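Protein chains in written order, with my numbering: chain A, 46 to 454; chain B, 46 to 454.
Just so you know, these hints were derived from the structure itself, not from any lab.
Predicted, not measured: the structure shown is a model, and the values here were computed from it.
All clues stand as given, with none of them false.
Since the list gives no way to pick one copy over another, a pair counts as held whenever it fits inside one copy or between any two copies.
Once the Cα atoms are required to be at most 20 Å apart in a straight line, the calculated EDC-like pairs of lysine to aspartate or glutamate come out as:
id, residue 1, residue 2
1, Lys69, Asp171
2, Lys104, Glu379
3, Lys211, Glu302
4, Lys384, Glu133
5, Lys255, Glu298
6, Lys108, Glu251
7, Lys104, Glu383
8, Lys397, Glu409
9, Lys179, Asp143
10, Lys70, Glu409
11, Lys104, Asp381
12, Lys152, Glu86
13, Lys428, Glu400
2 protein chains.
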Amino acid sequence: MEFVNGGVCAAKGFKATGVEVGIKKGHSGKKDMAMIFSETECKAAGTFTSNLVKAAPVKWDKKIVTESDSVKSVIVNSGVANACTGIEGLNNCDILADKVASETGIKKEEVLICSTGVIGQQLPIDIMKEGISKLYTNLGENESDATLAAEAIMTTDTVSKQVAVKTIIGGKEVHIGGMCKGSGMIHINMCTMLGFITTDVNISKEMLQKALSEVIPDTFNMVSVDGDTSTNDTVLLLANGMAGNDCITKVDEAYNEFKKALYAVCEGLSKKIAADGEGATALFEVKVLNALTKQDAIGLSKSVVTSSLTKAAIYGHDANWGRILCALGYSGVEFDPEKVDIFFESAAGKLKIVENGVATDYSEEEATKILSEKEVTCIADVKMGNENATAWGCDLTYDYVKINADYRS
Amino acid sequence: MEFVNGGVCAAKGFKATGVEVGIKKGHSGKKDMAMIFSETECKAAGTFTSNLVKAAPVKWDKKIVTESDSVKSVIVNSGVANACTGIEGLNNCDILADKVASETGIKKEEVLICSTGVIGQQLPIDIMKEGISKLYTNLGENESDATLAAEAIMTTDTVSKQVAVKTIIGGKEVHIGGMCKGSGMIHINMCTMLGFITTDVNISKEMLQKALSEVIPDTFNMVSVDGDTSTNDTVLLLANGMAGNDCITKVDEAYNEFKKALYAVCEGLSKKIAADGEGATALFEVKVLNALTKQDAIGLSKSVVTSSLTKAAIYGHDANWGRILCALGYSGVEFDPEKVDIFFESAAGKLKIVENGVATDYSEEEATKILSEKEVTCIADVKMGNENATAWGCDLTYDYVKINADYRS
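The shape of chain A in the complex, shown without the other chains (with noise of 0.2 Å):
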């Protein structure tokens, strides 16, 4: 496996783009829609929000994956999140839908549509039907075009989140890759966390559910925001099968690589998410080691890595290791605080602080150093049995929390 440019259009046969129509108001010269289109049938699949609260480009979504065999086209705006806009809002996607069938001569039921941004407005439809006609005749297949359609579904993101991988699967030459939006730490428009993965892999549609399924728990559900979990939140993965490997319909090797690549995909987006966090100034990982069940190890490290005060302390660079063992002593999970130990690791180190629940004879100054890097992570061995989870966020920073960091210095 390896990595490659070219995001959504790494896969043969994706094209895509992205333009400005004019969504968000007071924001001229930022891109607000995109599209991915496939000349050949997608499978697709997607993982949803949890919130009871679904805007209705979900609940649009949600029966297209489920309902139908072929998608051809993506298309997402930036701007309003058509969220809490009741029957209008589910018209809205209908209307949506139908434009881009008539533009691009594919059925209705083979769009897919996304929206980020305010919750409980009403899209601007008809400036967004002009957008489908602009969309589809800009769309290309080269990595610039990917990269257009990457800035267009930007909100507060200060950066484009793109990654895509090759790989060798039944002998073929098999690519995967995608984009993402999502969010700062405490964002007004945290609504939403968008993710697009295409591939050309040739696999069923259900072992293509299965394997983003099984992929999403590990990697996106394990980022840290504010902990606002949105109306929108929609991860989206289209199949076209144009790698020419045998079919994928069972979990054996091929299912092995595939899942594997889908994983570095998906990690790689979700890091990215994490370290843009509004004026963050680290990538804050948390690994549990040896928990005792998968579900205790996912619960401490969550736990550390949204405790407000931990990350105050990693933009600190302090090697605050009580706030840890508070924050994994609150998560709601069994272990025992006597027997925990913690690292801190970085490019510039790993130094073990605490052992067996007490701080160790550790040097400060080695500390200071390993947290003063881009990357950190913190490690917790619960020695409890044989569970691990990562996490990802990243410090709370001096704009947010000029008082926080400065206390025990």
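Model the placement of chain B on the given structure of chain A, informed by the hints.
This is chain B only, laid out in the frame that chain A set:
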């Protein structure tokens, strides 16, 4: 029932004071030790942190509250939390209690101990022993003495926090008074929420604990800070019986009157903690009405009051009902989003902004007026049953989140 002054000295027979002994390095001029003292025997009740990692004084107090029939003194220090301090931390509790006993002539088992401050440091035990002598010498029973104590337990609090009431129980005038310290939003020194309540009511130990255990879930436990539950959180309640009412030994009219007064004190203290969030400009109260179960009502109200997006909107005086509906939606509680009504209320009026899940035609101008007050209430009527809950927090202010409140304007 009537609110009075006097804090922990409002009840007959209780003395208190606060002094500076030098625990907070580099913060000269800040008091850091407090004592509450009763010449007569007190019944004691307590509630303690649910964190699996418990500070040494929490372990000490749990044992005393459970096993001792009489308590006469509480000593508190700020600056060092005595958490994650192993055997030495527990030994230091023993040394402090011994010193209080020898200094004051009471038993070691009659001494409760609380600490708040940095995790992982040992207490500066020698200067604290000197501090105990100083505290005992300075004890007084006036309002000013209670205030000295309330000031000495502060860490990052910007104001000291006291509430007291008097009422009639069984024909006798009874007093309940308390002080507490809390934390701001994402304070470095969140560790700890501490509350101390004294009363001259005559009540059995069993009923005293019952009253406290019934009141805490609706008061202190409904305050949102940043989700970090500390290793030291403690509320202690001491009753010396000097009001002379017939001893309360069962659930009757006298018990209910006592519980009502205790609730008023705990609610008052809780709101003071919420309103003192770092940089907060408003107390944010969230009432959930007509949930199916009490647990549902609590889960829904806490989800809204802890939502960073909602809190930022409150600061921006923005009636962003979409975020409130979103926070209800990810609470994990089952309800029908299409039945929810949402109101905003403050001294400036009351306004229905959502009816059956859809925005009403409310005046943004009027909403902004209501949201511009110092105390703002959001009411969500979910129409699923008959259970209610109220949670308290504060807004997320510009100093913390420059970018957040300006997006929609």
